[in-house]
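Given the sequences, and given the hints that come with them, work out the whole structure.
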Amino acid sequence: MALAERPSEGRRSAPLIHWIKSILKTLGTIAITMLGLLFVTFIIGRVMPIDPVLAIVGERASQSTYDAVYQQLGLDKPLLVQFGYYLWDVLHGDFGNSLLNARPVSEDIARVFPATLELATLGVMIGIFLGVPLGVIAAVKRGSWIDQIARVVALVGYSMPIFWLGLMGLLVFYGILGWVGGPGRLDIFYEDIVPTRTGLILVDSAIAQDWDVFRNALSHIVLPAALLGYYSLAYISRMTRSFMLEQLSAEYVITARVKGLSERQVIWRHAFKNIRVQLITVIALSYANLLEGSVLTEIIFSWPGIGSYITTALLSADMNAVLGGTVVVGLIFICLNIFSDLLYRFFDPRSK
Amino acid sequence: MNAFNKLLTGAALGLALAVTSTSAMAETPPNMLVIANRIDDITTLDPAESFEFAGSDVSRNVYQKLVNFDPLDLDAGYQPDVAESWDVSEDGKSITFKIREGLTFHSGNSVTAEDVQFSLRRAIILNKTPAFILTQFGFTPENVEQTIVADGNTLTITTDKPYATSFVLNCLTATIGGIVDKKTVMEHDKDGDLGNEWLKTNTAGSGAYSLVSWKPNESVTLQSNPDFYLGAPAMERVVVRHVQESASQRLLLERGDIDVARNLNPEDVAGVSSVAGVKISDELKGRLMYVSLNQKHPELSKPQVRQAFKYLIDYEGMRDSFLKGQYTIHQNFLPQTYLGASDENPFSFNVEKAKALLDEAGVSGLEIEVGVREAQERIEIAQSMQNALGQVGITMNITVGTAKQILARYRARELDVYLGAWGPDYPDPQTNAGTFAYNPDNSDAANATGLLAWRNSWDTGGLTEKTDAAVVENDTVKRADMYKEIQAEFRETSPFVVMFQQIEQSALRENVTDFSTGQAITSASYWQVTK
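Chains as they are written, first to last, in the working numbering: chain A, 1 to 352; chain B, 1 to 531.
Take these hints with a grain of salt, some might be off.
Said to hold, decoys possible - To give an idea of the chain A side of the interface with chain B (calculated C-beta under 8 Å), a few residues:
#1 Thr65
#2 Leu171
#3 Tyr174
#4 Gly182
#5 Lys259
#6 Ser302
#7 Thr312
To be verified - Here are some of the chain A residues that sit facing chain B, going by a computed Cβ distance under 7 Å:
#8 Leu24
#9 Gly175
#10 Val327
Quick caveat, the hints were computed from the structure, so don't treat them as lab data. Source: prediction; values computed, not measured. Heads up, the beta-carbon is just placed ideally off N, CA and C, and yes, glycines get one too.
Rendered as structure tokens:
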């Protein structure tokens, strides 16, 4: 009996061990990826032709001031030692202070990232809610005028410079029609009214039930979100169309039609169901790109997000800020990858 | 229509209603001033450390100084501020300031001579970038206890030489002269940093405004000080918003969401100037655009070649095209509005004259390199020069690089020609005379990288001594004449081709009055603004 029970215990513990192994493997991958990302960014930051000391002290500082700051930043130590110190601090949750504005980088990121998160989330939602149906319809009505329109919409989305489109949008909808709020997240008069809980103004104002602030925030975000959503839509709709065309030509679709299922059932319950996994990848990629921060959109709309934060930091040789931002962006990609994997398992039993 | 479709339609309608309900033309409240500006250069708010434009704007409004400029009459020069009056000792080395009674910091603490002593000593001890503005008078961390001394209601500063009083007082109007609240600052002292870390992001002043918030790259919000000794400011709140894009600033101004746009490009200035309810204000700023010739170069060091270059700049052509409205022709090292400034601009674009000078020098087929930092207007100036020099047979190769690349070579005296900009550090003529016309030791070993004359390997001849003499001249009129004389000689003999002085064009809503960006000598001030 004892011998007979052993395999059964082994079978019970096998999934647990597998699960632990899987988690350890994922954590290991995350750690190696983050380490590599940090190392590469750190080295690039040190070799690029911008002097972080000069950026702080200005070109007219005396040599003694320059030297003092040079040592203060630890630049007199070997590169690997500098990286070691930095890594040690990061492992203790300390990204250091911004070299330029003297604030903790973590505080800066906590301030700018929610602005990007809010904008990107709304943008990708627009992309999904309009892009997916448009792609499906374009595939179903292949060659029709709807398909042509979808193609033009996507083409314009791919090829139009976001800078120009953003300025035109501002000019028409804000400058001329006055339908939306101008650059910035809020009108001046609404700033600092609702307490910051999440940093997402729409959410914070809804929690505070301050609907004036909510409406104002909405009027400011709608245009940049629509702009980002449009670019997201262009990508998502083209990919959806392509995935759907592949499914619609499959034999099981013909079988379903022969069985007499309605066209709606064939499209949405059979064909669409089978492109969900691919779509998740497309959407996750699109969302991750938006979460990196769209620098040009942020500049045009004076949107204090992570894209312009990292760019400004990079151009000013504020490497603590650049590295902190890089870690966040890296984590976003990793988290979205893990989330996609989980969704795969949910939608596609084979991947379990 | 199924539930999903109903939901989508409802959401779309709701969004449209919510958004379009804000379509009315906005207008800022009458007691609030909203400014769009690029404020991403602010790195610290500590007056002992701040050395950037946007940071100086904040400091000017938050901190008082011993002496200060009246924004309504900048030409009048420095005026009493925290110091009610001052006396100069017979030997000209000591100035004793009588501190004004009844002033209070935003914290409620009184402004005393001890606070002034603390502030000035602190700036010298911390020795941050702008400290040279004070240490050039011989103050050191070791001697401040003897040279900056409060006694009751007075403060005495003692310099190492009998400098011109105007020189010392002009320097005290700089940001580094800001008076901080000793008690508040020392409550935040950390490891003996004299509150430096805390003051980077907080303020402790007694000026017309106190700081509400500074969100880097986002906004600065100031609240009026109702107890300000010159009267409570009409603008109770001032918000400076970071708006990077000129077109975005223009739209905000046209819609009435801001009162002042400070960074419009020439096209947007032209566009907005015809808009009803908007006006343009021009103010001369201190930045000069210049070209300099390295005197180590055997050909460029010939007097005729130096002179020829001054005739090979298309001053008017550039001013009227890509620099339109942003720069004015100015061929002297002191910006207009400075004490001793000269408005003599004797050079004009004259290829024939330049050719004759080059022939006289026996120069032909010259090939040189110019270093330019990657800024559009500088590159365009370089291209214009390249074209002009080509007409006299000089090949000029343009090297565009980052600040680090170009400045490193300029400081190492390696560039043949440098094309760049220079802005004064403090509102006294010495700030520019002491770098353009001053070079006591031209040897490589001197390594005086802070001096522009040294960077160009130029032995200034007698101008160094004349500059030394001007900083100790106490008669202000005589002093101004001395600088005019120095500049006259400089124009003719120096390897510097000073070309343009910057103009700042601000666009304002028509109801905004008395707004001042401080011209070339100081920063923006808000307490006098009305709407």
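Hint-by-hint comparison with the structure:
1. Thr65: holds, 6 Å
2. Leu171: holds, 7 Å
3. Tyr174: OK, holds: Tyr174 of chain A within 8 Å of chain B, min 6 Å.
4. Gly182: holds, 5 Å
5. Lys259: violated, 23 Å
6. Ser302: With a minimum Cβ separation of about 5 Å from chain B (threshold 8 Å), the hint on Ser302 of chain A holds.
7. Thr312: With Cβ-Cβ at 6 Å, under 8 Å, it holds.
8. Leu24: Violated: closest Cβ of chain B sits about 40 Å from Leu24 of chain A, beyond 7 Å.
9. Gly175: holds, 5 Å
10. Val327: violated, 19 Å
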